[in-house]
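Asker: Sequence:
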Amino acid sequence: MSKYYGEFLILLLVYLITCNDASPCIFTRYIYSNGLKQQLQVESWGSDSIRIRLSSDVIIQNPDYQALLPEQPIFNEEVCQQPDSNTFIHGNIKFNISDDNERWLIQRQSDGLILIETQSITFLPYKYPLSIYSPIYNLYSLSFMYNHIPDGYLYGLGEHHYGENLTLAYHNFHLPFVFSSTAPTNGDITIPWYIHTSGFGFLWNQPGYGSFDVQNDKEIMWTANATHQLDIWITTIPKEQNLSSLFYPILMKNYVDVIGHPNPLPKFASGFWQSKNRYRSQNELLDVAKGYYDRHIPVSIIVIDWFHWTKLGEWKFNSTCWPDIPQMINQLKSYGMNLMVSVWPHVEEDSENFFFMNTTGLLTHDANGNALPSTTDNLYIPDQFNPTTRQFIWDKVKRNYYDYGIKIYWLDADEPERGRPGLQWWYGRHDEEIAMVWVREHQRTFWDGLKDQN
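Add 91 to the 1-based position in the sequence shown for the numbering used here, that's all there is to it.
One should not assume that every hint holds.
[Unchecked claim] Distance condition first, Cα-Cα at most 20 Å in a straight line; then the derived DMTMM-like pairs of lysine to aspartate or glutamate:
1) Lys498 / Glu508
2) Lys498 / Asp543
3) Lys498 / Asp415
The set of hints was computed from the structure by calculation and includes no laboratory data.
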């Protein structure tokens with residue numbers, strides 16, 4: 092019995108080793124750098140696309156907050172190759188690492204164009220702020236510098252309104268600029284993804300704060316203030332495609348395949364929308380709506396914007412100004428109009444919900460676990476990473492809007508406006524590590540709530 096048992100263990104061990112190394116679509120290497128043993132993992136991740144992760148902890152993580160969908164996209168394993176110990180190929184994209192592990196080349200197979208050549212990757216221990224919380228991962232400050240193609244233009248990186256912060260529709264790499272922080276503010280939205288006119292796209296898959304700097308006409312540096320690993324995704328055009336034809340839709344399709352497709356725009360939302368900064372009362376709104384109706388101008392959506400509420404954080408109409416919501420809804424329906432309301436996330440200190448949210452830990456907190464005021468002292472930001480917070484807010488929205496038939500919401504000021512980067516903790520995690528995800532978790536409040544209502 093013991094003989095067969097020993098043979099079985101040997102066969103099992105061989106099987107596990109074989110299975111672990113069987114896929115040609117995963118390239119793994121251990122790297123020693125600055126006295127640290129690091130793990131490098133390059134994977135096929137969508138059409139003509141690769142995901143590259145480098146961990147200082149020797150263990151590649153599947154992060155709980157990230158841009159990429161957790162499910163790996165379906166692809167044809169026949170397009171994966173590892174022709175030698177330093178090279179990984181997936182479709183039309185090739186990764187090569189030098190013998191000394193110091194340099195990476197990401198290259199397009201069809202024309203041999205070098206898309207990215209790394210210059211330096213630096214992990215430094217992150218000094219976690221003194222607090223009552225402990226990090227889930229070992230965290231590092233990360234910088235990633237690489238050479239890009241000096242000729243061409245770059246599209247993307249979000250929506251920005253300052254001249255030095257990427258306001259132009261495209262950016263010539265010969266115009267130096269510094270995008271000093273990935274932290275969002277009111278009117279500045281960061282999406283760490285760009286397309287280069289040479290036919291490739293780059294995603295910085297980090298949920299925390301950092302920076303994007305064009306060093307000169309050929310060098311780019313990304314930084315992450317607090318992370319446990321480097322995580323990037325790169326895509327290019329297929330072999331049969333050339334740059335003389337329209338390739339942007341191909342790259343954008345590859346992108347949404349790995350980060351998620353938006354739902355189709357509802358038919359009613361494609362019509363005319365009417366909005367103004369503020370309607371002061373139900374009568375004012377209905378007068379405007381009737382004016383359109385009497386002139387035979389069809390309106391798909393009419394928007395009730397800010398200060399229709401009692402106080403921020405109560406998520407309900409001021410009944411003095413809006414005395415009969417069912418009657419208003421019915422009147423708008425008779426005109427063929429849908430109603431949208433603006434929902435702000437902030438909570439005023441003297442609102443009816445503040446005491447409960449504060450005493451049950453539903454607000455953004457400081458290092459000591461106390462509720463942290465926003466840049467406006469009497470306003471607080473909900474901790475949307477906490478599922479209890481999301482459920483609490485949705486219950487208020489459902490009772491005061493949805494149950495009246497109002498099912499369209501404008502999530503305004505949800506960067507979040509008036510945040511305090513560097514001082515905020517969310518569900519026990521420091522904002523430098525996960526802050527870029529706050530807005531998604533805020534939207535999840537409404538996604539989950541509406542989904543529960545079918």
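Asker: Go through the numbered hints given earlier and state which of them the structure violates, listing their numbers in rising order.
Answerer: 1
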